[in-house]
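Q: Once you've looked at the hints, dock chain B against the given chain A.
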Amino acid sequence: MRFPLSIAAIALAALMPPADAAALQESGDPLASARWSEMQKQILDGAPVLFDPRIKVIAPSTAENPMQVPVTVDATALPNVQEVVVFADFNPILNILRFFPEGAPAYLGFRVKLQQSTPVRAAVRTADGVWHVGGTWVNTVGGGCTAPSAASASTAWQQRLNEVSGRQWSEGPNAGRVRLRIVHPMDTGLVAGIPAFHLEEIVFRDAAGKALMRLQTYEPISENPVFTLNRGTVDGPLEASGHDNNGNRFKTSIAP
Amino acid sequence: MKSWLALLLFVALAAPAAADFDYALQAQAVTGEVQVFIGRNEDFNTTNGGNIVNTGFIVAPQGLIVIDSGPSLRYGQQMRQAMARVSAKPPVLVINTHHHPDHFLGNQAFAGIPIVALPGTQQGIAGEGNAFAENLYRMSGDWMKGTEVLAPNRLLAAGSQEIAGRRLRLIALDGHTGADLAVYDEASGVLFAGDIVFNGRAPTTPHAELAHWLGALDRLEAITREAGFRALVPGHGAVSSDAAPIRQTRAWLQWLDSSLHEAARNGLDMNEVLARPLPPAFADLPVAADEYRRSVGHLFPSIEQEVLGAGR
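Keeping their order, the protein sequence lines are chains A and B.
The first sequence begins at 1 in our numbering and counts up one residue at a time.
The second sequence begins at 257 in our numbering and counts up one residue at a time.
Worth flagging that the hints you see were computed from the coordinates, not collected in a lab.
Hints may contain errors.
[Said to hold, decoys possible] Here are some, though not all, of the chain A residues that point toward chain B, as calculated from beta-carbon distances under 10 Å:
no., residue
1, Ile58
2, Pro60
3, Thr72
4, Pro92
5, Gly103
6, Pro105
7, Gly109
8, Val164
9, Gln168
10, Asn174
11, Arg181
[Claimed, not checked] Cβ-Cβ distance ranges computed for the label pairs, FRET-style:
no., chain 1, residue 1, chain 2, residue 2, range
12, B, Leu534, A, Lys56, 18 to 28 Å
13, A, Arg249, B, Glu477, 45 to 55 Å
14, B, Glu562, A, Ala47, 41 to 51 Å
15, A, Asn139, B, Gln510, 30 to 40 Å
A quick note: this is a predicted structure, and the numbers were derived from the prediction, not measured.
We put the CB at the ideal spot given by N, CA and C, even for glycine.
Chain A extracted, bound-state conformation (with noise of 0.2 Å):
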């Protein structure tokens, strides 16, 4: 699906240093993938978009561990971002999270399972109503969707579901920065006898209720997720609270 060079994007190019401006594309996948025109329907329900270099998407070329994919998602260089879509074209299951960037800016780590080497990509929404698109290629030697969870071969993480530790930054090179991680299977449902079971939903909130994001979290994301997040200027304590398919409620406060 092709459209004619949007006056928003004329617009967008206009604001941009020149180089960028040039590599602001509407149409041809930069990642080259076959798969492109198939995500642009069933992802963004063929919006149009805008391949875009001010998005940035970190994960390391060769993945070590299918299971545990590191991805950084940096669309803080764009103004007005009201939500962020990840996915992975040649993933079993393609949606890997959603955030809305509410009170914070709109950076988010975390982990992924990738079954076969694929381009990550982040679709960001301005007000506008554009979708800029950035993304990285990853290779693995894949199986990561449809490996069991370590928490399937025991039951000793029950006791512990939902279990949240986490630490907030106020001082140092990376004050503001917030880092948790959630004890959960996240079971993708591709394995036989292993029902998906994973964080549907998670929410931060500062000490005086407002929201600073809220994720939407599917399958691919790795077991026992960890988030780094900004939170821009410390104050007071997180409150990050959620629940996962089956129901599973947690809510709890990190303090700085």
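A: For chain B alone, coordinates are given in the frame of chain A:
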């Protein structure tokens, strides 16, 4: 025409891979009775066929004691031939120092004689051996043809014992894996360190427990201070007459440990840890960048969890 082109292309691509799968193994004498095969300081690939490892043998009164059997059936077979060029005695025992595939996948060539290892090594080979072999088929290609896992059929205990008429000190360690065996040949003063020691190559860490590994290095360094010590055979890299490779391995592990802990304490995400440059001291160390990348994947999650768990 097209099919001719395709055929030409196929021949051109296929030719460089050594068609005869000859590892060109040449025994190198540490002493007259202790001989080793030194592998390349590289990663597994279809050119080296997995010959990135050191193996060796001791000419004992009752036969040859083999220490590790290499990465494939072909390697094991060629090792046997190369040993026969040095001594007319038959191999009487194979020792697997630990459960990593480059050290035991040649076992098949020694079927019929005792293959011994520590209990943890035998369990590791029985449990994970097939997955390791599959991975080597992927990385080394046809060099692996016919290779199947043959697990050790006898367990050994640590301590000083006479094997095939030769006094060996068997030292049970851990840290590189859950069970790492070092072998000290009392008569020659040669210490086979297994993968507790790397020389001129960044260490690998898929099953590492760094604190234990550092302890194991101290125990081996003590042996190098004994009066009878002559030479150290590392698991990878050149033979040494002193403890320099032990110090080099220790320096890498200590740096890795402190740098990953520091990164976790400072709140770095795994991609930021991966992006950190190697210190100048290790910049020229073969495969250092690759092993660092792998080690972050192996070790950072648990180190990071120490920090996150302490934050509550």
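Q: Please go over all the hints and tell whether each is borne out by the structure.
A: Cross-check of the supplied hints:
Checking isoleucine 58/A against chain B by beta carbon gives a least distance of about 5 Å; that is within 10 Å, so the hint holds. Look at proline 60/A: its Cβ gets to within about 6 Å of chain B, closer than 10 Å, so that hint holds up. Because the closest C-beta pair between threonine 72/A and chain B is about 5 Å apart, less than 10 Å, the hint holds. At a threshold of 10 Å, the smallest CB-CB gap from proline 92/A to chain B is about 21 Å, leaving the interface hint violated.
With a cut of 10 Å, the hint placing glycine 103/A at the interface with chain B is violated, because the nearest CB-to-CB distance is about 20 Å. Taking 10 Å as the C-beta contact cut-off toward chain B, the hint placing proline 105/A at the interface is violated, the least distance being around 14 Å. A least Cβ separation of about 4 Å between glycine 109/A and chain B falls short of the 10 Å threshold, and the interface hint therefore holds. Given hint, valine 164/A at the interface with chain B, holds; its Cβ is 8 Å from that chain's nearest Cβ, closer than 10 Å.
A cut of 10 Å between beta carbons decides the hint on glutamine 168/A: the least distance to chain B is about 8 Å, and the hint holds. For asparagine 174/A, the shortest C-beta to C-beta distance to chain B is roughly 4 Å, which falls under 10 Å, so the interface hint holds. With a least beta-carbon distance of about 5 Å to chain B, the hint placing arginine 181/A at the interface is held under the 10 Å criterion. A hinted range of 18 to 28 Å for the beta carbons of leucine 534/B and lysine 56/A is consistent with their spacing of about 23 Å.
At about 54 Å, the beta-carbon gap between arginine 249/A and glutamate 477/B stays in the expected band of 45 to 55 Å. About 44 Å separates the C-beta atoms of glutamate 562/B and alanine 47/A, a value consistent with the hinted range of 41 to 51 Å. Evaluation of the 30 to 40 Å hint for asparagine 139/A and glutamine 510/B yields a pass: the beta carbon distance comes to about 31 Å.
Of the numbered hints given earlier, the model fails hints 4, 5, 6; all others are met.
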